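Colleague: Next come the chains, spelled out residue by residue.
Number of protein chains: 2
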Amino acid sequence: MPEYLGYIGGVLTTCCYVPQIIRVFRMKSAREISLLFTLMLLVGVVVWLSYGILLSLGPVILWNAIALVIIAVLLYAKLKYGR
Amino acid sequence: MPEYLGYIGGVLTTCCYVPQIIRVFRMKSAREISLLFTLMLLVGVVVWLSYGILLSLGPVILWNAIALVIIAVLLYAKLKYGR
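Protein chains in written order, with the working numbering: chain D, -19 to 63; chain E, -19 to 63.
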């Protein structure tokens, strides 16, 4: 049971940024998206990825590697459409 | 070393939403914030919290309990200022 929760939680907290990115690209505006939020999240995901690699934690590596790609797209959207 | 990374990663990926919330309250607008993003994140954090409680994982419980409060405020901001 807890393992399923780990997968469901991972999918939700990793993929939740996809509808946010779609919204920014549709509206062609990211003024309301905080740059500090995006940068803290990106650095945080890199730190978690390093943690997973150092401790050989498969799910931590998997979710954070996927999150890294997604958040990088969000940062691109912020830099393109923000301000 | 990896333990420090876990704390740094946890602080960053939990507290990154604070500047986002401050930005929404300052701009008094949350149109660009995706409601689906906010809801997926909230449900995801609740699932991670249940996972932590079931497996008695202290840091997982701690970070997700803090995140739950923060994301609830983000949802409030979205419902107040969005659309």
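No wet-lab data here; the hints were simulated from the structure. Honestly, I wouldn't trust all of these hints.
[To be verified] Anything over 10 Å on all C-beta distances counts as not near chain E; from chain D, calculated:
| id | residue |
| --- | --- |
| 1 | -3 |
| 2 | 11 |
| 3 | 13 |
| 4 | 16 |
| 5 | 20 |
| 6 | 24 |
| 7 | 46 |
| 8 | 53 |
[Said to hold, decoys possible] Per label pair, the in silico range of CB-to-CB distance:
| id | chain 1 | residue 1 | chain 2 | residue 2 | range |
| --- | --- | --- | --- | --- | --- |
| 9 | E | 45 | D | 35 | 34 to 40 Å |
| 10 | D | 52 | E | 38 | 28 to 34 Å |
| 11 | E | 34 | D | 48 | 36 to 42 Å |
| 12 | E | -9 | D | -1 | 32 to 38 Å |
| 13 | D | 38 | E | 2 | 33 to 39 Å |
| 14 | E | 48 | D | 15 | 23 to 29 Å |
| 15 | E | 42 | D | 60 | 24 to 30 Å |
| 16 | E | 61 | D | -18 | 22 to 28 Å |
| 17 | D | 38 | E | 5 | 24 to 30 Å |
[Unchecked claim] Sample of chain E residues at the chain D side, in silico, Cβ under 7 Å:
| id | residue |
| --- | --- |
| 18 | -1 |
| 19 | 14 |
| 20 | 27 |
| 21 | 30 |
| 22 | 33 |
| 23 | 36 |
| 24 | 52 |
| 25 | 55 |
| 26 | 56 |
Since this is a predicted model, take the numbers as computed values, not measurements. We put the CB at the ideal spot given by N, CA and C, even for glycine.
Colleague: Does each hint fit the structure? Answer for all of them.
Modeller: Hint by hint, here is what the structure shows:
1. -3: Non-interface label on residue -3 of chain D violated, nearest chain E Cβ at 7 Å vs cutoff 10 Å.
2. 11: Nearest chain E Cβ is 7 Å from residue 11 of chain D, so the label is violated.
3. 13: violated, 6 Å
4. 16: violated, 4 Å
5. 20: violated, 4 Å
6. 24: Incorrect as stated: the minimum Cβ-Cβ distance to chain E is 3 Å, not above 10 Å.
7. 46: holds, 14 Å
8. 53: Holds: least Cβ distance 13 Å, greater than 10 Å.
9. E/45 <-> D/35: 34 to 40 Å: Distance hint for residue 45 of chain E, residue 35 of chain D is violated at roughly 23 Å.
10. D/52 <-> E/38: 28 to 34 Å: holds, 31 Å
11. E/34 <-> D/48: 36 to 42 Å: Given about 28 Å between the Cβ atoms, the range is violated.
12. E/-9 <-> D/-1: 32 to 38 Å: Because 25 Å falls outside the window, the suggested range is violated.
13. D/38 <-> E/2: 33 to 39 Å: holds, 36 Å
14. E/48 <-> D/15: 23 to 29 Å: holds, 25 Å
15. E/42 <-> D/60: 24 to 30 Å: Check failed, 36 Å falls outside 24 to 30 Å.
16. E/61 <-> D/-18: 22 to 28 Å: violated, 37 Å
17. D/38 <-> E/5: 24 to 30 Å: violated, 39 Å
18. -1: This interface hint holds because 4 Å falls under the 7 Å limit.
19. 14: Result: holds, 4 Å to nearest chain D Cβ.
20. 27: holds, 4 Å
21. 30: Since the shortest Cβ distance to chain D is 6 Å, the answer is holds.
22. 33: violated, 9 Å
23. 36: violated, 10 Å
24. 52: Since the shortest Cβ distance to chain D is 15 Å, the answer is violated.
25. 55: violated, 12 Å
26. 56: Result: violated, 15 Å to nearest chain D Cβ.
When each numbered hint is compared with the structure, violations occur for hints 1, 2, 3, 4, 5, 6, 9, 11, 12, 15, 16, 17, 22, 23, 24, 25, 26.
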